[in-house]
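A.B. asks: Turn these sequences into a full structure, and let the hints steer you where they fit.
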Amino acid sequence: MDLTEQPAPATPATPAAPARSCFTLCFSSTPRGARLARRLCGERLDSWGVPYGSEAHDTLSLLVAELGANAITHGRVAGRDFRVRLLALSAPNASPLTIRVEVTDTRGDKLPAPAADAAAVCPARTGGRGLLLVAALADRWGCDPRPDGPGKTVWVEYTVHAGTTDAGTVARSRPYAAPS
Numbered sequence: 186m187d188l189t190e191q192p193a194p195a196t197p198a199t200p201a202a203p204a205r206s207c208f209t210l211c212f213s214s215t216p217r218g219a220r221l222a223r224r225l226c227g228e229r230l231d232s233w234g235v236p237y238g239s240e241a242h243d244t245l246s247l248l249v250a251e252l253g254a255n256a257i258t259h260g261r262v263a264g265r266d267f268r269v270r271l272l273a274l275s276a277p278n279a280s281p282l283t284i285r286v287e288v289t290d291t292r293g294d295k296l297p298a299p300a301a302d303a304a305a306v307c308p309a310r311t312g313g314r315g316l317l318l319v320a321a322l323a324d325r326w327g328c329d330p331r332p333d334g335p336g337k338t339v340w341v342e343y344t345v346h347a348g349t350t351d352a353g354t355v356a357r358s359r360p361y362a363a364p365s
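For the numbering used here, add 185 to where a residue sits in the sequence shown, where the first one is 1.
Quick caveat, the hints were computed from the structure, so don't treat them as lab data.
Just to be clear, a hint being listed does not mean it is correct.
To be verified - Label-pair restraints from in silico Cβ distances:
hint	residue 1	residue 2	range
1	Ser213	Glu240	24 to 32 angstroms
2	Leu296	Ala263	16 to 24 angstroms
3	Gly293	Glu240	32 to 40 angstroms
For every residue, glycine included, the Cβ atom is placed at its ideal position computed from N, Cα and C.
C.D. replies: Quick look at the structure:
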C-alpha cells in the first residue's frame, strides 16, 4: 500500500485546474475498507491544514464515508477494489482550499441517483439518504465514466475558507443554518 503524496494524473474525472496535492489508495470493497478509507483520508486532510474536529474536516470525512459506503454497497464486484483519491485543488493550507474527493468502482451500470428529496425516502428504510447528504453538503458533485476500464468515478468538491469559528475551527464555504 503506497501512502505517498504525488502530482495528480490528468483523467476525465479530474477538474481542469491541476491538483496541487493528491492522495490515492485502493481499498477492499468491504465495510472495513470503507472505514479505513475514511480514517486515512481524515489523516491526510489534517496534514493539509483541515484540522480534526473542524466542521470542514467532519464534512469531508462524511462525504468520503458516504461515497465509500455507496461503492461497497452498489458498486461492488466480487474480487474488485474501489479507489479513493483526495485532491487539493489549491496549495494545502491556502485559502480558500478546495478539496475534491473521487471514489471509483467497477460498476458502470449502476449510476448514482439521489431521491428527489428527503420526503421521498420511506422513513422505515435504513438506507437511501446518502446522496441527499452528499448533495446538501458538497459544493458540487457528479459522476463520470471510469477512464481506465469499466466502472465510474463519483466525485464531490468542497471549499474550505480560512475564517475561524469561536472554537478555532476552519469555517465552511456556505453559512451554516441550524435546524429549526
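A.B. asks: A separate judgement is required for each hint: does it hold in the structure or not?
C.D. replies: Hints and how they fare:
1. Ser213 - Glu240: 24 to 32 angstroms: holds, 30 angstroms
2. Leu296 - Ala263: 16 to 24 angstroms: At 20 angstroms between Cβs, range holds.
3. Gly293 - Glu240: 32 to 40 angstroms: holds, 34 angstroms
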